[in-house]
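Here the structure of chain A is known, so what remains is to put chain B in place on it, guided by the hints.
There are 2 protein chains.
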Amino acid sequence: MEILKKSFGAKPLTGPFPVYIIGYNDDQEIPNLVAVSWAGMVCSEPPCVSISLRKIRHSYLSIMKNRAFTVNVPSLNQIDSADFTGSISGKKCKKFDLTGLSPKYFDGYNAPFVDEYPVNAICQLMHTIDLGTHTVFIGEIKEYLVNENALDDSGKPDIEKVNPFIYDINSRHYYSLGEKKSLAYNSKKIFIKEDIDE
Amino acid sequence: MEILKKSFGAKPLTGPFPVYIIGYNDDQEIPNLVAVSWAGMVCSEPPCVSISLRKIRHSYLSIMKNRAFTVNVPSLNQIDSADFTGSISGKKCKKFDLTGLSPKYFDGYNAPFVDEYPVNAICQLMHTIDLGTHTVFIGEIKEYLVNENALDDSGKPDIEKVNPFIYDINSRHYYSLGEKKSLAYNSKKIFIKEDIDE
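In the order they appear, the protein sequences are chains A and B. So that you can map any letter, position 39 of the first sequence is 90 in my numbering, and since no number is skipped, the others follow by simple counting. So that you can map any letter, position 192 of the second sequence is 243 in my numbering, and since no number is skipped, the others follow by simple counting.
Quick caveat, the hints were computed from the structure, so don't treat them as lab data. Keep in mind that a hint or two might mislead.
Note: identical chains are not told apart, hence a pair may lie in one copy or across any two.
Stated by the list, open to error - The calculated BS3-like cross-link candidates involving lysine-lysine, where the alpha carbons are at most 27 angstroms apart (straight line), are:
no., residue 1, residue 2
1, 193, 212
2, 231, 212
3, 57, 193
4, 212, 232
5, 106, 143
6, 212, 57
7, 106, 193
The shape of chain A in the complex, shown without the other chains (with noise of 0.2 angstroms):
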């Protein structure tokens, strides 16, 4: 049966995507923060996370010359916080005072980690590609902190503890965090019936 679909053109994914929270530090040492969902992990040794930030926007040009940031992942009860800090510019207000959330440092990079937040990932600027609309930012993970109430009985962080939340592009809705469900990279016995010589 043929299955029907239909043509968008050149648009954006349907997601799922991440809702990271950048902190960084202004052209006046003001901690700010932004969020951001065009952003993913990128590689694995080094540990490199990528996020996209359009020009226009305040944390551009500090991140630039700072050559630091931080990847924070918000708990789905601080999804208010979060938003927030996509819905304004960082130029019109300081927005870890108006949330209450306290700015903190890991040594010698000049970027504010979001303390509240259950997982902080302090990154160095290593490359940036611009691409249109937005500039690919490719930072160094280079301290990765995680709130102990966030991790498991091995001590290794607990997603369903950490909460992430994901953002849906076509209904501009959030959506939380779902089941359990299979162990990855566990099906080949159903594909493959005699043994394969790996």
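Just chain B now, kept in the frame of chain A:
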């Protein structure tokens, strides 16, 4: 009260991470697939997506040569075939044949999309950046297709009908999409009482 944090040093972020299935043609023009989670949107105009691949991957040289790949978003009920594409090298087997998925082509691009998966983005390779274990491939989305049965009443992609799933690097499990929560960019009034000139 002080927030206790555990330091992990230089480590990848805790997600949420997407599960995108990449379609490519190998050096013998055989269509194949590989799963990635180091991936995301990186630009709105032109729409660009990044995927990261290890150099040892079968897909790596093929995409370099063809300058084209597809990004396909599977539904939760397609989790087994999607997981399989990340469980074994394309050097060892033809994953379209083994899973029964159908390779289709969009005019002018030498990379197969997965007809059964609800979201397909046909991409032209624009940039590569070698970061270490992984190389970032930035593709411009030239055509974006969504299954008719994954659209909402207004004809837009409906994330609940697409029903994508998420990968958790720490537990190595997949998670479903959860519940619809608040509307984005709607929290200004919570934190700002007076009008700010925008």
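Against the structure, the hints come out as follows:
no.	hint	in the structure
1	193 with 212	within (23 angstroms within a copy, 38 angstroms between copies)
2	231 with 212	both (13 angstroms within a copy, 19 angstroms between copies)
3	57 with 193	between (43 angstroms within a copy, 14 angstroms between copies)
4	212 with 232	both (16 angstroms within a copy, 18 angstroms between copies)
5	106 with 143	within (16 angstroms within a copy, 44 angstroms between copies)
6	212 with 57	between (38 angstroms within a copy, 14 angstroms between copies)
7	106 with 193	both (25 angstroms within a copy, 23 angstroms between copies)
In summary, the structure agrees with every hint in the numbered list given earlier.
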